[in-house]
Structures are given as C-alpha cells and as structure tokens.
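Student: Next come the chains, spelled out residue by residue.
2 protein chains.
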Amino acid sequence: MNIISTIGYLAAFATTVSFLPQALKTIQTKDTSGISLAMYALFTAGTFLWMMYGFLIGSLQVAVANVVTFVFASIILVYKIKYK
Amino acid sequence: MNIISTIGYLAAFATTVSFLPQALKTIQTKDTSGISLAMYALFTAGTFLWMMYGFLIGSLQVAVANVVTFVFASIILVYKIKYK
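Quick mapping for you: the protein sequence lines, in order, are chains U and S.
If you count the first sequence from 1, position 61 lands on 61 in my numbering, and the numbers rise without skipping.
If you count the second sequence from 1, position 54 lands on 154 in my numbering, and the numbers rise without skipping.
Just so you know, these hints were derived from the structure itself, not from any lab.
Glycine included, every Cβ here is placed at the ideal spot set by N, Cα and C.
Any given hint could be a false lead.
[Unchecked claim] Here chain S is said to cover these stretches of chain U; the calculated rule only asks that three of the stretch's residues, wherever they fall, bring their Cβ under 8 angstroms from a Cβ of chain S:
hint: 1; segment: 25-34
hint: 2; segment: 50-58
[Unchecked claim] Not everything, but these chain S residues come out facing chain U in the computed CB check (under 8 angstroms):
hint: 3; residue: Q128
hint: 4; residue: T147
hint: 5; residue: G158
hint: 6; residue: A163
hint: 7; residue: V164
hint: 8; residue: S174
[Stated by the list, open to error] Quick list of the computed label-pair ranges, beta carbon to beta carbon:
hint: 9; chain 1: S; residue 1: L156; chain 2: U; residue 2: Q28; range: 17 to 27 angstroms
hint: 10; chain 1: U; residue 1: N2; chain 2: S; residue 2: S133; range: 34 to 44 angstroms
hint: 11; chain 1: U; residue 1: V71; chain 2: S; residue 2: I127; range: 41 to 51 angstroms
hint: 12; chain 1: U; residue 1: I27; chain 2: S; residue 2: K182; range: 41 to 51 angstroms
hint: 13; chain 1: U; residue 1: S74; chain 2: S; residue 2: F113; range: 36 to 46 angstroms
hint: 14; chain 1: U; residue 1: V78; chain 2: S; residue 2: S133; range: 17 to 27 angstroms
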C-alpha cells in the first residue's frame, strides 16, 4: 500500500467515523434543533452518489467510506424529521 | 463529460453544498447543542485528507469538493468550540 492509498484510507476513516458520534448524540439526546434539515437531506443524497462514483471509478476508499457514511447520515436525517 | 464524471460532479455538488445551510444556520442561531464536537473535529481533519487524496489521484471532483467542505466544516467547528 503506497502513501497515496494510505492517505485515502485515513481520509475515509476520519470522515466516515466522524458521523458515528453525531449519530449517537442525536439518538441519545434527540436534540436536533441545531441540525440543518437541508444539510442532511442533501448530504444523504450526496453520499449515495459518491458511493456510486467510487464503485464506478474503482476507488474502494471512496465507495466503502460512503456506504457507511450514508447509513449514519440517514439515521440523523430520520431523527431530524421525527424530532424537529 | 461521461456519465461517471457527471455522477462524481453531482456527488461533489450535493455533499459540498449541504454544509452551507448548516454553516448558515449555526452562524445565525449559534445553536450548537445538538452538534457533536467529536464529529466536526474528525470531519474537518478528514476533509483535509480527502483534499490531498483527490489532488494525488488526479480526481478534481474529490479535490475541489473537499476544499469547499473543509471551509464550511471549519466554520461549524469554530462555532461549536466558541458556543458549546
């Protein structure tokens, strides 16, 4: 694994894992007043497109990262709609 | 521009633009109680790494999207630290 690939995996790890504490916080507190509905609607759709793009260009970093981020973002979006 | 490239640009547009309504909402309301500090600390670092990765693999979609997302995420992170 070369340096470029390692940077890709670190990037994928950081941005993917970052949505876990947000999802957990949102599930536990149901405090979504400061969270933007427009952001999560657009972001969830965007991660779905990134997922497709990653698979199509053959970048496992882009694809796998966005599968996981899509799941976390969807949870936050559902809570935002339910507890706005 | 082929279909794969178009999906990449749409993905980049959606996830990048998504942080704008969140940044604006956070700036206007200063309501950061529901926002996770761990998320934005990790996410901001992650977008910086994606930016490097995008330039290194020659994907303008990955690179440019993450330059803009890095700026928006940094603003939200600063507000979260200042108004927690």
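Student: Decide, hint by hint, whether the structure agrees.
Tutor: Okay, the hints, checked on the actual structure:
Coverage of the segment 25-34 of chain U by chain S holds in this model, with 7 residues showing a Cβ closer than 8 angstroms to a Cβ of that chain against a need of three. A stretch counts as covered by a chain when three or more of its residues have a beta carbon under 8 angstroms from one of that chain; for the segment 50-58 of chain U and chain S the count is 5, and the coverage holds. Evaluation of the Q128 (chain S) hint against chain U yields a violated restraint, the C-beta minimum of about 11 angstroms exceeding 8 angstroms. Interface restraint check: T147 (chain S) against chain U, minimum CB-CB distance 7 angstroms, threshold 8 angstroms, status holds.
A least Cβ separation of about 10 angstroms between G158 (chain S) and chain U goes past the 8 angstroms threshold, and the interface hint is therefore violated. Among the interface hints, the one on A163 (chain S) is violated; its C-beta lies about 11 angstroms from the nearest C-beta in chain U, farther than the 8 angstroms criterion. The beta carbon of V164 (chain S) is not positioned within 8 angstroms of any beta carbon in chain U (closest approach about 14 angstroms), and the interface hint is therefore violated. Interface hint status for S174 (chain S): violated, as the beta-carbon distance to the closest one in chain U is roughly 13 angstroms, over 8 angstroms.
L156 (chain S) and Q28 (chain U) have their C-beta atoms about 38 angstroms apart, which leaves the hinted 17 to 27 angstroms range violated. Judged by the Cβ atoms, the range 34 to 44 angstroms given for N2 (chain U) and S133 (chain S) holds: they are separated by roughly 43 angstroms. A hinted range of 41 to 51 angstroms is violated for the C-beta pair V71 (chain U) and I127 (chain S), which are about 29 angstroms apart. Checked against the hint of 41 to 51 angstroms, the pair I27 (chain U) and K182 (chain S) fails, with Cβ atoms roughly 26 angstroms apart.
Between S74 (chain U) and F113 (chain S) the CB atoms are about 19 angstroms apart, so this pair departs from the stated range of 36 to 46 angstroms. The hinted window of 17 to 27 angstroms between V78 (chain U) and S133 (chain S) holds, with their beta carbons roughly 19 angstroms apart.
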